[in-house]
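**Student:** Take a look at the letters that make up each chain.
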Amino acid sequence: MATPASNRYASERSPRILAGGLALALCIPALAPLIVIGFAAVSPDAEIWSHLARFVLPEVASNTLMLVISVAVIGGMLGTSLAWLTAMCEFPGRRFFEWALLLPLAVPAYVLAFVAVGFLDYSGPLQTALRGTFGSSVWVPPIRSLGGAAMVLSLATYPYVYLLARSAFLTQGRRALEAAQALGYSRSQASWKVALPMARPWIFAGIALTAMETLADFGAVYIFNTRTFTTAIYGAWFGMRSVTTALQLAGVLMVFVLIVFVIERRSRASAAFASARDMTRGSPRFELSSTGRVAAACFAGLIFAIGFALPIVQLAIWAIERIGDLDSRYFGFVSRSLLLAGSAAFMIVSCSVLLAYIQRRLPSRFSQAVIRLATLGYAIPGAVLAVGVIVPIIFLSNALQDLLRTWFGAGAPTIMFQGTLLAVLLGYLARFLAVGFNPVESGLQRITKSVDEAAISLGVTGAALLRRVHMPLLKTSLATAATLVFVDVMKEMPITLIVRPFGWDTLAVRVFEMTAEGEWERAALPAVAIVLVGLVPVAMLTRRGAHVA
Amino acid sequence: MWLELDNVVRRFGQRSAVDGLSLQLAKGSIGCLLGPSGCGKTTALRAIAGFEPIDAGEIRAHGRVLSRPGFTAAPEHRRIGMVFQDYALFPHLTVLENVAFGLHRLPQQARRPRALEMLSIVGLSEYVARHPHQLSGGQQQRVALARALAPEPELVLLDEPFSSLDVELRERLSAEVRAVLKSLNATALLVTHDQQEAFAVADLVGVMKEGKLEQWDTSYELYHRPSTRFVADFIGQGVFVRGEVIEPGTFRTDVGVVRANGTHWDAGEEVDLLLRPDDVVHDDASELRAEVCQRAFRGADFLYTLKMPNGTQLLSLVPSHHNHAIGEHIGVRIEPDHVIAFKRR
Chain A
1 MATPASNRYA
11 SERSPRILAG
21 GLALALCIPA
31 LAPLIVIGFA
41 AVSPDAEIWS
51 HLARFVLPEV
61 ASNTLMLVIS
71 VAVIGGMLGT
81 SLAWLTAMCE
91 FPGRRFFEWA
101 LLLPLAVPAY
111 VLAFVAVGFL
121 DYSGPLQTAL
131 RGTFGSSVWV
141 PPIRSLGGAA
151 MVLSLATYPY
161 VYLLARSAFL
171 TQGRRALEAA
181 QALGYSRSQA
191 SWKVALPMAR
201 PWIFAGIALT
211 AMETLADFGA
221 VYIFNTRTFT
231 TAIYGAWFGM
241 RSVTTALQLA
251 GVLMVFVLIV
261 FVIERRSRAS
271 AAFASARDMT
281 RGSPRFELSS
291 TGRVAAACFA
301 GLIFAIGFAL
311 PIVQLAIWAI
321 ERIGDLDSRY
331 FGFVSRSLLL
341 AGSAAFMIVS
351 CSVLLAYIQR
361 RLPSRFSQAV
371 IRLATLGYAI
381 PGAVLAVGVI
391 VPIIFLSNAL
401 QDLLRTWFGA
411 GAPTIMFQGT
421 LLAVLLGYLA
431 RFLAVGFNPV
441 ESGLQRITKS
451 VDEAAISLGV
461 TGAALLRRVH
471 MPLLKTSLAT
481 AATLVFVDVM
491 KEMPITLIVR
501 PFGWDTLAVR
511 VFEMTAEGEW
521 ERAALPAVAI
531 VLVGLVPVAM
541 LTRRGAHVA
Chain B
1 MWLELDNVVR
11 RFGQRSAVDG
21 LSLQLAKGSI
31 GCLLGPSGCG
41 KTTALRAIAG
51 FEPIDAGEIR
61 AHGRVLSRPG
71 FTAAPEHRRI
81 GMVFQDYALF
91 PHLTVLENVA
101 FGLHRLPQQA
111 RRPRALEMLS
121 IVGLSEYVAR
131 HPHQLSGGQQ
141 QRVALARALA
151 PEPELVLLDE
161 PFSSLDVELR
171 ERLSAEVRAV
181 LKSLNATALL
191 VTHDQQEAFA
201 VADLVGVMKE
211 GKLEQWDTSY
221 ELYHRPSTRF
231 VADFIGQGVF
241 VRGEVIEPGT
251 FRTDVGVVRA
261 NGTHWDAGEE
271 VDLLLRPDDV
281 VHDDASELRA
291 EVCQRAFRGA
301 DFLYTLKMPN
311 GTQLLSLVPS
321 HHNHAIGEHI
331 GVRIEPDHVI
341 AFKRR
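These protein sequences, in sequence, are chains A and B. Following the numbering used here, the numbering of the first sequence begins with 1 at its first residue and continues without gaps. Following the numbering used here, the numbering of the second sequence begins with 1 at its first residue and continues without gaps.
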């Protein structure tokens, strides 16, 4: 034997077990909250429950349910109709609206919420103007209500339905219409009979996403004074200082989330089943009548205006009014936000790379299951995860404290993990692991096994293989993963709010505090920074969309 | 012998994907493993490349052991090049960089000339600066071949190299690939399920079934002297008919008496005879009449499916000026040059 021989196949068992252990270790921060909340959900505390069932749950549950249903209906209709118009019809401005209708994704619901309340409320510019014209007797529906919250959340989340329904219409709609027409249906008959039913799994998946966002929302419902599970959890935590109450509420909310999550997965599965390749070429778009064209343009324009353009203008006006706030304190918020988002992106992407390589090189059912579970965090509301992160951390630091006490007596140093940056970062890991992991995983999957084998058969292995083949091919995926995590952390509110070290205010926290005090104008400046950062992934999305089309 | 496989076995769980495979390939010759999907040919190829360990037997390349149970020489040390089914070109590198990728053992200044030389051999000199996605399927395939051959491997393996190309291109490229391999005096082993491809490229073809090599021979021998019923059935077209040996060289079959030279069957033996389409000759003067059931016009000839008086269906290759309609009765003679027969099971 002239060349050195390796025996890489002899024993793959022990490295696989090691890899599984490493995967588990990396995922523990993401798994612990799930376990804690799951445990709380199945072991109710009788005393707290009787209190909750009497005073909290009726209002909170009915509010949450009403909100989810109205957002699902309104957001679903908005998203589907706009997707239909831009994908299947021709009207003035269609090319612009195709991507512009995605822009509300850049604006967190809580920003849209405070702009809406600030603009429409009693002391806001609109009602002031109305009173000036018609006198003080003019009736306006109550803005800070469940209805207002439902409107804002619908406007903030319809793009999920729009995006999915649109791609369904684009990829299969027109070809299916042709098939139906060849079978003797008119185009409009065919639309109802074929294109819409075919897109149903996508539409449902999009609606499920809006429902999930609604369940997870904390900032917007807080501003609208609508008590839902997330605000109740926050109240239990800060108002009542009751961990157990917060845990119990989180457990109930998880049941809601689970239901929506299952619906979403099922719709996706049937969407994947029904998906077809390269159906983009088809017959030309629908010819609308001239009134139809104007109506379509007005409808799309209206949604774009109230969902994005007007709020942005209002934000800009307020921000300029309070430009004096652009001081060292403001840069403190900015730098803390950047620091948190940057470290979270680094941590989560590194974790994702390790997990993705474990899955590729040493796959086992165990590590597969661990990763699956750990990436579920994205479906779980931040308020729930915050509680789920804090409880084990308190437990851990108390246990450590007791241990130190028994060793060193009363003079032991004090241990406090809660309210540290580490705790916040672990919370982000739990919530956003999927955001980082998915692009890394799919990037790695694009490097097929035979690409690796081609390099190996050409004598390039190990570190050289990573450097010469994997890194250049993964670069974009890693950048995407880091960007998405970065932006999500910048926008994140409940985890930061509940878990952060005392006084460690970020941009999102500043927005929360100013809106809590009704100082809409002063919330605008930090909100502008968040929206600007939020535009980055939307730009990435539209560019990719343009690539496909 | 350049490449030797000695009773190689590869198991996946209970199932043996490769089950006692033995073959030998001389330097400069091109071999091919041919068989239906799932017959173990790709596993065998991957075992030779070193991507799969083996559970029994031995793989050697001019004397040195590459694989035996419990030992697998690393693929990168085998000096074996490989052309993958999906080509596995590196999407982030240009054509030239792809071909030069495996040349790290050459001094820096020798790499580019070598890569350029390989690209001119495969006729892609004008495309050196392109990226793989800017090339057609056939061009990508040639880049993959150039990349595998550039480091001058002792053996090149080709895994279904033409399967993702359209039929016309497949024929042309298989001739080209053979020419390139022969011009470099390369030793090569390819794997395919397409017999035209196997015949066009390889000197020696092995027909595999369920992990076993049924026959390892030239294409002519495989067609005309199949050693097993499976090979007879898999290679070329034809229909088995029941027959009995009346005297050596004469068979009484369901479709009449067939005479053929040089057979070793004794009188009284019961056999199945393989009748190829070219054994069934159209002759208007013949008394044996058959009804045309199906016809496939193929340009130079017709492939007729004929129903014999007793109901047996035979295939017959007939020059294309004999244009007969379905339902018509035509005269045929059964005239095999040499008989292919297997003992009745």
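Hint data in this document are derived by calculation from the structure and do not stem from the laboratory. Even glycine gets a Cβ: it sits at the ideal position worked out from N, Cα and C. Possibly wrong hints are sitting among the right ones.
Stated by the list, open to error - Covered by chain A, according to a simulated footprint, are these stretches of chain B (three or more residues, beta-carbon under 8 Å): (1) 16-25; (2) 99-106; (3) 185-193.
Claimed, not checked - Covered stretches of chain A (chain B as the covering partner; in silico rule of three or more C-beta atoms under 8 Å from a C-beta of chain B): (4) 392-406; (5) 465-475.
**Student:** Would you check chain A against the stretch 185-193 of chain B, counting CB to CB pairs closer than 8 Å, and say if three or more residues qualify?
**Tutor:** Coverage by chain A is violated here, the residue count being 0 at a Cβ distance below 8 Å.
**Student:** Report holds or violated for chain A covering the stretch 99-106 of chain B, Cβ cut-off 8 Å, minimum 3 residues.
**Tutor:** holds (count 4)
**Student:** Using a Cβ cutoff of 8 Å, are there at least 3 residues of the stretch 392-406 of chain A near chain B, or does the coverage claim fail?
**Tutor:** Violated, because only 0 residues of the stretch 392-406 of chain A bring their Cβ atoms closer than 8 Å to Cβ atoms of chain B.
**Student:** Can you confirm whether chain A covers the stretch 16-25 of chain B, using C-beta to C-beta distances below 8 Å and requiring at least three such residues?
**Tutor:** Violated - the stretch 16-25 of chain B has 0 residues with a Cβ nearer than 8 Å to chain A, which falls short of three.
**Student:** At least three residues with a C-beta closer than 8 Å to a C-beta of chain B: is that true for the stretch 465-475 of chain A?
**Tutor:** holds (count 4)
The earlier numbered hints that this structure contradicts are 1, 3 and 4.
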